[in-house]
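*Asks:* Since each chain comes alone in its own frame, lean on the hints to assemble the complex.
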Amino acid sequence: MKKNSTSELFFNKHSKDILVVLPAFNEVKTIEKVMNDLLTLDLQLLVVDDGSVDDTYKIVEKLSKRNPEQISVYKHILNRGLGASLRTGIKAALLKKPRVIVTFDADGQHHSQDIYSVSRPIIEGQADVVIGKRDFKEMPFLKSFGNRIMNTITFFFYGHLVEDSQSGFRAFNLKAAALIKLHASGYGVSSEIVGEVFRQDLILEEVPITTIYTDYSLSKGTNSRIGLKILAKLIRDVFK
Amino acid sequence: MMFLYQYIGILVGLVAFIFTLMRFREGKLSLGMLVLWSGVWIIVVLISIYPEATSSLAIISGIGRGLDVILIISIIGCYYLLFRMYNMIENIEEEIDQLVREIALERGKSGESSSQDEDSKPYN
Numbered sequence: 009m010k011k012n013s014t015s016e017l018f019f020n021k022h023s024k025d026i027l028v029v030l031p032a033f034n035e036v037k038t039i040e041k042v043m044n045d046l047l048t049l050d051l052q053l054l055v056v057d058d059g060s061v062d063d064t065y066k067i068v069e070k071l072s073k074r075n076p077e078q079i080s081v082y083k084h085i086l087n088r089g090l091g092a093s094l095r096t097g098i099k100a101a102l103l104k105k106p107r108v109i110v111t112f113d114a115d116g117q118h119h120s121q122d123i124y125s126v127s128r129p130i131i132e133g134q135a136d137v138v139i140g141k142r143d144f145k146e147m148p149f150l151k152s153f154g155n156r157i158m159n160t161i162t163f164f165f166y167g168h169l170v171e172d173s174q175s176g177f178r179a180f181n182l183k184a185a186a187l188i189k190l191h192a193s194g195y196g197v198s199s200e201i202v203g204e205v206f207r208q209d210l211i212l213e214e215v216p217i218t219t220i221y222t223d224y225s226l227s228k229g230t231n232s233r234i235g236l237k238i239l240a241k242l243i244r245d246v247f248k
Numbered sequence: 005m006m007f008l009y010q011y012i013g014i015l016v017g018l019v020a021f022i023f024t025l026m027r028f029r030e031g032k033l034s035l036g037m038l039v040l041w042s043g044v045w046i047i048v049v050l051i052s053i054y055p056e057a058t059s060s061l062a063i064i065s066g067i068g069r070g071l072d073v074i075l076i077i078s079i080i081g082c083y084y085l086l087f088r089m090y091n092m093i094e095n096i097e098e099e100i101d102q103l104v105r106e107i108a109l110e111r112g113k114s115g116e117s118s119s120q121d122e123d124s125k126p127y128n
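As you go down the protein sequences, you meet chains B and U in turn. Just so you know, the first sequence maps onto residues 9 to 248 in this note's numbering. Just so you know, the second sequence maps onto residues 5 to 128 in this note's numbering.
Hints listed in this document are in silico derivations from the structure and should not be mistaken for laboratory results. For glycine and all other residues, C-beta sits at the position ideal for the given N, C-alpha and C. Possibly wrong hints are sitting among the right ones.
Ranges of calculated distance between the beta carbons of each label pair, as one might list FRET restraints [what the hints assert, rightly or not]: (1) U/N91 x B/Y224: 35 to 41 Å; (2) B/D50 x U/L86: 50 to 56 Å; (3) U/L71 x B/V36: 58 to 64 Å; (4) B/K145 x U/G66: 55 to 61 Å; (5) B/V61 x U/R88: 30 to 36 Å.
From the structure, some residues in chain U lie toward chain B, with a derived Cβ separation under 10 Å [said to hold, decoys possible]: (6) I100; (7) Q102; (8) L103; (9) V104; (10) R105; (11) A108; (12) R111.
So that you can see chain U by itself, here it is in the shape it has in the complex (with noise of 0.2 Å):
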């Protein structure tokens, strides 16, 4: 007999996969990420529909119970795509940086009047 949490688990696992595939599929993710985040998602169902099997990983790695080792995966897994998501947002911040200043000095030189610059206000 299968418990809510295992139901509850290959529900989220096989929507974000389906998720994933339709991400993949409007370009914008990236094939080595499908291939990341499938794996990561079908794990999820796995382990739903057989937690047991999460016991060969506690006696493997020394964690007394099973379901712990996948909360510390998990966790560890959280904090590296934070480490991820952070690095492609400063890269977008300094990429930012560089278009703006492109910008300034390519009208600055050109000597573009303030007429022009009414289009680009800002925060409008």
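Pulled out of the complex, with its shape left as it was, chain B reads as follows (with noise of 0.2 Å):
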């Protein structure tokens, strides 16, 4: 009950500061309701569709329409990933220059009260970067599994050890955005992140979120042909 006074508070003052970057690939079934709970809490939000097939971009669209002052729309005309997506995300969001921008994914498998938890940091000006762990306990084994092996990948080539490497749920600040260089596609967009955080010298901090997991979300995201696609990607880029 404190913490939802304390986040109403927080999100009564900064919410007009914080600009939620919404990368969505045929998200049709959750994206409404995705959209609808950030709205809620007046953030603004800035949505790319990623080339969907399905119908995203019209309801994004409509929700636009209704939304113009608090909703950006970005699209790709043709499929190019999660990291062509952020890419584009973070650099639309920097133009905007809000204190604070989030990515959150699409799927319906953040809970937007969380965007508190990884916000208070960067507007508090303890971290540049802030990254929302999720409980492996909580995961599924086969998951769980896939982002330890994923945290262990993305320490042997980036250096550094992180407790969820994998998360799309992040926040930075207008700095970090602007630092961090990406050129993965796909979803090793991830650890590149984090091995850019490092490499910038940016202050990381993790805090826990919660993760709502339902048969959609857990069909999306990093599965273990994306975990070896995300490998083979990275053995490529040490031989570049």
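*Replies:* In structure tokens, the structure reads:
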């Protein structure tokens, strides 16, 4: 209860300073609810539709016409992957100069109230980048195993161990968002962000977040096949 | 007397050489690649006509038989080409990324509506 009132106060004061980047690819089932939840908190939204072939873009457009002050929409004419979407989103977000840029998955696995947890350290100047770490104990075994492997791989290739390298829920201050240089097009971008945070000497904080697991959200994100692809890409980058 | 594989080798080499020249004339092949590929196909034709010439290669390289040398060189050449192609595809992918992102940012900035977007829907 106390936390709720604290976060309410926080949102009342800072919601206009926070811009949420939502990369979306074929998220017709969840995008409307995710956006409405964020709009309720009076946050600024920047949606990057990554060439969806379902009605994701139509839904985003509809909501954006209703809330033109709060929503900006960017559309990739072809599907280019999570990394490309985040790069477009962050670049567009930088032009709007918010105090905090949050990246948030559009598949409904994140809790909108957790934006408080990831944004607070940025607003209070304690961190440049915040990663919302999921509780691996709550994850299905295969998913948590895959994520642990990805943490190890990220450590191996980027030299830094973080608790949840693959989390899509992050917050950046403007300095960090401008400094981080990303090249990955796909899911490998999450490990790349961790590498960049340390390469640029940015202050990183990891805060716990709640994850909402549904059959839908479980089918999205990093699976073993994507894990192997990320590994292949990381190995190739070493030899580049 | 020539064996069947020699005729096949000559035919493949000549057809590929002509194909290479045509690609160059159409402007689809750079001068460097024309020289490289012409060299490869000329060697294929020459070896097909004079297979015994590979024996000297076998002696120099220390690999038992002349044709084995050619096969090993060919496999290494194929891997090299695969590597080149892989890198080229990666570069093209990066360029497509850049293009798609630039278009998204430009359109987003100018606030184009969905009606204009209808024309550029993917997979139509």
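*Asks:* With reference to the structure, classify each hint as holding or not holding.
*Replies:* Consistency of the hints with the structure:
Take U/N91 and B/Y224: their Cβ atoms lie about 37 Å apart, and the range 35 to 41 Å holds. In this structure the hint that B/D50 and U/L86 lie 50 to 56 Å apart at CB holds, the actual value being about 54 Å. In this structure the supplied range 58 to 64 Å holds for U/L71 paired with B/V36, their Cβ-Cβ distance being about 59 Å. Restraint check, B/K145 to U/G66: a C-beta distance of roughly 60 Å satisfies the suggested window 55 to 61 Å.
Evaluation of the 30 to 36 Å hint for B/V61 and U/R88 yields a pass: the beta carbon distance comes to about 33 Å. Hint on U/I100 holds. Least Cβ distance to chain B is approximately 7 Å, under the 10 Å limit. Because the closest C-beta pair between U/Q102 and chain B is about 9 Å apart, less than 10 Å, the hint holds. Interface hint at U/L103: satisfied, since its Cβ lies 9 Å from the closest Cβ of chain B, which is below the 10 Å cut-off.
Taking 10 Å as the C-beta cut-off, the interface hint given for U/V104 holds, the closest approach to chain B being about 5 Å. At its closest, the beta carbon of U/R105 sits 5 Å from a beta carbon of chain B; the interface hint therefore holds under the 10 Å criterion. The criterion of a C-beta within 10 Å of any C-beta in chain B is met by U/A108, whose closest approach is roughly 4 Å, and the hint holds. With its C-beta approaching chain B no nearer than about 7 Å, U/R111 sits inside the 10 Å limit, and its interface hint holds.
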